Each structure stands twice: as C-alpha cells, then as structure tokens.
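Undergrad: By the count of our numbering, the sequence shown reaches residue 1540 at its end, each step adding exactly one.
Since the hints were derived computationally from the structure, they do not count as laboratory data. Be aware that a few hints might be false.
What the hints assert, rightly or not - Straight-line distance between alpha carbons at most 25 Å, and here's what the computed SDA-like set of lysine to any residue pairs gives: (1) Lys1481 / Val1440; (2) Lys1436 / Lys1456; (3) Lys1441 / Phe1496.
Said to hold, decoys possible - Restraint-style ranges between C-beta atoms, simulated for each label pair: (4) Gly1447 / Gln1480: 38 to 48 Å; (5) Gly1493 / Arg1451: 39 to 49 Å; (6) Ser1454 / Lys1491: 15 to 25 Å; (7) Gly1447 / Arg1473: 25 to 35 Å.
These figures come from a predicted structure and were not determined experimentally. For each residue, glycine too, the CB sits at the ideal point set by N, CA and C.
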Amino acid sequence: MGKLKVKNFLVKAENPDGRFKRGKSIKVTCSVENVSSKTAKNFRSVIRTPQKELTQQIRTLKPGEKFDLEGNFTPENIGVVIVACRGDREKQIEESNENDNREIATLYVSA
1430 MGKLKVKNFL VKAENPDGRF KRGKSIKVTC SVENVSSKTA KNFRSVIRTP QKELTQQIRT
1490 LKPGEKFDLE GNFTPENIGV VIVACRGDRE KQIEESNEND NREIATLYVS A
C-alpha cells in the first residue's frame, strides 16, 4: 500500500493588488510526495478547475521523492471558482487515506 500526499498548495493572483479578477491570470502550484516505504508507480497528478485541466503529469515516485505541479488559468466569469490539486487522479495507488492526496480551494473572482 502506498501513500501520496499533496503539499504546498498555493493559489496566487498574478496582478498587483493580489485579488482574483476576471480576465487576470491565476497561478496554482502544489507538490506531490510519496511518504510511504513503497514505490508509487504510474499515477496521474493534476491541477484542475471544474471547467478544465490546467496541467497533468504521469509519474513514478520512489519512497521520499516528490515533484511540483504548476498551472495557470484566466477566469472569464465573475463568481465562485473551485481549484484542486489531486495527487492520484484515478486512485491508481491503493492508500490507507485517500483524503490527503488532494487539496481544494474556493475562490471568489470579482470584476
């Protein structure tokens, strides 16, 4: 049984005032780490919104290894946007706790 963990989840507005605004880029980053004693093979990690996948990687990690994911998107509408980083999108790796391999943020995008 493996154990993947999402860490360092950060959502940042890329404009001078730091607010999430329609038409302005938002940067999303996270790290995925294998915190088990077994190799985690061929799993897919993603950063996504409900509307689209921002980035993905298919990886194999030895115990203690990690990698970073980074994606950008530009919201087109005002309102609530959900952004998520998932360490094992298809639940390929059998884990004792599936809840620590994802992080979710809810943003409010203004005009």
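Undergrad: All hints are to be evaluated individually against the structure, with a verdict given for each.
TA: For each hint, the structure was consulted:
no.	hint	result
1	Lys1481 / Val1440	holds, 16 Å
2	Lys1436 / Lys1456	holds, 16 Å
3	Lys1441 / Phe1496	holds, 19 Å
4	Gly1447 / Gln1480: 38 to 48 Å	violated, 23 Å
5	Gly1493 / Arg1451: 39 to 49 Å	holds, 41 Å
6	Ser1454 / Lys1491: 15 to 25 Å	violated, 34 Å
7	Gly1447 / Arg1473: 25 to 35 Å	holds, 31 Å
When the structure is compared with the earlier hints, violations turn up for hints 4 and 6 and for no others.
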